[in-house]
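Listed below, chain by chain, are the residues.
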Amino acid sequence: MTSDPAMDLLMWARGPGFQIATVVLLFGIVLRIVEILALGRARDLAPPKASPAQSGLRTVFSRFLPRHGMAMRSPVIHIGGYLFHAGFFIVLLFFGPHIQLFEEGFGIGWPGLPSPLIEAVTVISMVALVAVLIARVRDPVRKLLSTFEDYAVWVVTFLPFLTGFMAVNKLGLPYTWMMALHVLSVELLMVVLPFTKLTHAVTFLFARYYNGWVNGRKGAAT
Amino acid sequence: MSHGRAGAPELKDSLGATPDALADVLRRRGVSRRAFLNYCSLLGALMALPPALVPRLAHALEGARRPSVIWLSFQECTGCTESLTRSHAPSVEDLIFQSISLDYHHTLQAASGAAAEAAREHAMKENAGKYLVVVDGSIPLANPGYSTIAGISNKDMLLDTARGAAAILAVGTCASYGGLPKADPNPTGAVAVADLITGKPVINIPGCPPIPVVITGVVAHFLAFGLPGLDDLGRPLAFFGERIHDRCYRRPFYDRGLFAHGFDDDGARKGWCLYKVGCKGPVAFNACATVKWNAGVSFPIEAGHPCLGCSQPDFWDGGDFYQTLAIPTENVAGLAMGAMAVGAGAGAAVSALNTAKRKTAKKAHETVTIENLEKPKEKAET
Ligand code: SF4
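So the sequences go chain by chain: C and V.
The numbering used here applies: residue 15 is where the first sequence begins, and numbers increase by one.
The numbering used here applies: residue 15 is where the second sequence begins, and numbers increase by one.
Rather than coming from a laboratory, the hints here were simulated on the basis of the structure.
Keep in mind that this is a model prediction, so the values were computed, not measured.
Glycine included, each C-beta is placed from N, C-alpha and C at the ideal position.
Any given hint could turn out to be false.
Claimed, not checked - Straight-line alpha carbon distances no greater than 30 Å define the calculated DSS-like cross-link-like pairs of lysine-lysine that follow:
{"#": "1", "chain 1": "V", "residue 1": "144", "chain 2": "V", "residue 2": "169"}
{"#": "2", "chain 1": "C", "residue 1": "232", "chain 2": "V", "residue 2": "376"}
{"#": "3", "chain 1": "V", "residue 1": "373", "chain 2": "C", "residue 2": "232"}
{"#": "4", "chain 1": "V", "residue 1": "144", "chain 2": "V", "residue 2": "214"}
{"#": "5", "chain 1": "C", "residue 1": "184", "chain 2": "V", "residue 2": "373"}
Said to hold, decoys possible - Going by beta-carbon spacing under 7 Å, a handful of chain C positions derived as facing chain V:
{"#": "6", "residue": "40"}
{"#": "7", "residue": "49"}
{"#": "8", "residue": "110"}
{"#": "9", "residue": "128"}
{"#": "10", "residue": "129"}
{"#": "11", "residue": "190"}
Claimed, not checked - So these bits of chain C aren't anywhere near chain V, every CB distance computed over 10 Å:
{"#": "12", "residue": "30"}
{"#": "13", "residue": "36"}
{"#": "14", "residue": "41"}
{"#": "15", "residue": "77"}
{"#": "16", "residue": "80"}
{"#": "17", "residue": "107"}
{"#": "18", "residue": "141"}
{"#": "19", "residue": "159"}
{"#": "20", "residue": "169"}
{"#": "21", "residue": "193"}
{"#": "22", "residue": "203"}
{"#": "23", "residue": "214"}
{"#": "24", "residue": "222"}
{"#": "25", "residue": "229"}
Model the full assembly from the supplied sequences, consistent with the hints where possible.
Here you go:
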């Protein structure tokens, strides 16, 4: 009873655990980017029909919006997807203790949002994640296309929300345990990010730019 | 023998006085029934007892036998005893503390050496199975000689005294979890009371020091209702059921994201939340925010200092006192740079391999002609 295993776990998560996660995350991301860029593309000798770079840049932003008519065809995926992604960044960037972490790491901080608002956003994000999961398994085509990885990354994405919410609201295990599990769940996300579909957090920029670039060359609108 | 101090507990002057009912002792000491009932309701409120239970608490306490208490001090700083005896007099906690029969406490008793040990042994024999053992301080296991009393090692004295006890109260974080002596690298091999005691109830009352009224409150609870409900760290839930953060008056600032960033900035002057200067309130279970200190005057956060989380195990080793629990304990900037460099190197190596593979594939490539395609057909026909 001398030491508190919850505190030990939290200290591990804050120390070696965070170091490992950071190293794997950054190593993985850089590795993937170098690999992708070094693949290269065969030279296209045809003269470009329009400015490819301009088209590429435009596409990076234009694809934040759904393609015409798509949102209505699968509203749950679209609305759920937007809510979750927005929620993810709001909670990550505007919760007081998270800002403290960035301040510590990068030396810059910014004002946070009130906790009740953060909690509401957390709940909305979790509901959105559950909704898109249900939409995935209930649609025969999507279900067929889904692999183990798809479900695994869903779980890894969901856990930080759940553990964070439980820690703040003192649900489930004692606070120190939940706090440790929350940090660990984020570290798990960091570790798997570069090696799963979650890499899209970085590669979406390259993919969109390249799509726009190619289409721009051909004079096609994107 | 009272040391002439208002708050000092009554030590028995003659060995073997018969234990009286608490009510008699209190009356003899001039405590009015009204003051006693006030104490009971305060205690009831503190322990979150339903109001209907307060008369039962009073009744049980009045009828309780004056307990014999043996107080053992091991690797400690006497801060826990100070906390109790220097509490504002006449305070509510005195009421209970003065009425226990403190049969052995080597800081407070006049006797020393063999006479003191004789008092302890006598109390143990007289009240076998019924006395309470209070321990402050941790027990060194690396070498018994690190801490001895009358030539007896702390471990031996604890095990010997605990054998006939009704329960053991580990007062302070050192007795409860090892405390400062156990802090890394733990030179004396210090352990907590609960590490050595088996088969007896151990109640942890941590804090550096613990709140006086919490110490007496646990004694009162024990006398009136028996063993209190404990949390997973052996602490009475009645006093350690909530975090400082749950009852902190600065909580609205936390919730609104308003933080002090230093001890003399605008936020600090305005009394904003101390999270960013290292407050451990979110992980510390204790009653400071409600009971407060110095007869209810204030508590550390009210004085502008972040909570250190002193009622938690290993709080000395929980990282910097002035850094929050949310941030990493190790610097990762160097590692991050290294990881990216290695990632780039590995990426380049993999790409070089890929390119080489593509080149050999290109070289091995033979142009396929119509004849090539027809050859196997001809062969098949022949
Ligand atoms: S000062 Fe500490 S306990 Fe109070 S609200 Fe801020 S973090 Fe919580």
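Structure-based check of each hint:
1. 144(V) - 169(V): 21 Å, holds
2. 232(C) - 376(V): 28 Å, holds
3. 373(V) - 232(C): 29 Å, holds
4. 144(V) - 214(V): 12 Å, holds
5. 184(C) - 373(V): Answer violated: residue 184(C) to residue 373(V) is near 60 Å, above 30 Å.
6. 40: Holds: closest Cβ of chain V sits about 4 Å from residue 40(C), inside 7 Å.
7. 49: Interface hint status for residue 49(C): holds (5 Å vs cutoff 7 Å).
8. 110: Because about 5 Å separates residue 110(C) from the closest Cβ in chain V, which is inside the 7 Å limit, the hint holds.
9. 128: Given a least distance of 5 Å, the restraint on residue 128(C) holds.
10. 129: 4 Å, holds
11. 190: 5 Å, holds
12. 30: Violated: least Cβ distance 7 Å, not greater than 10 Å.
13. 36: About 5 Å separates residue 36(C) from the closest Cβ of chain V, which leaves it inside 10 Å; violated.
14. 41: Not fine: 4 Å to the nearest Cβ puts residue 41(C) too close to chain V.
15. 77: 26 Å, holds
16. 80: 33 Å, holds
17. 107: Non-interface label on residue 107(C) holds, nearest chain V Cβ at 12 Å vs cutoff 10 Å.
18. 141: 22 Å, holds
19. 159: 28 Å, holds
20. 169: At roughly 23 Å from the nearest Cβ of chain V, residue 169(C) sits farther out than 10 Å, so the non-interface label holds.
21. 193: 7 Å, violated
22. 203: 16 Å, holds
23. 214: 18 Å, holds
24. 222: 21 Å, holds
25. 229: 26 Å, holds
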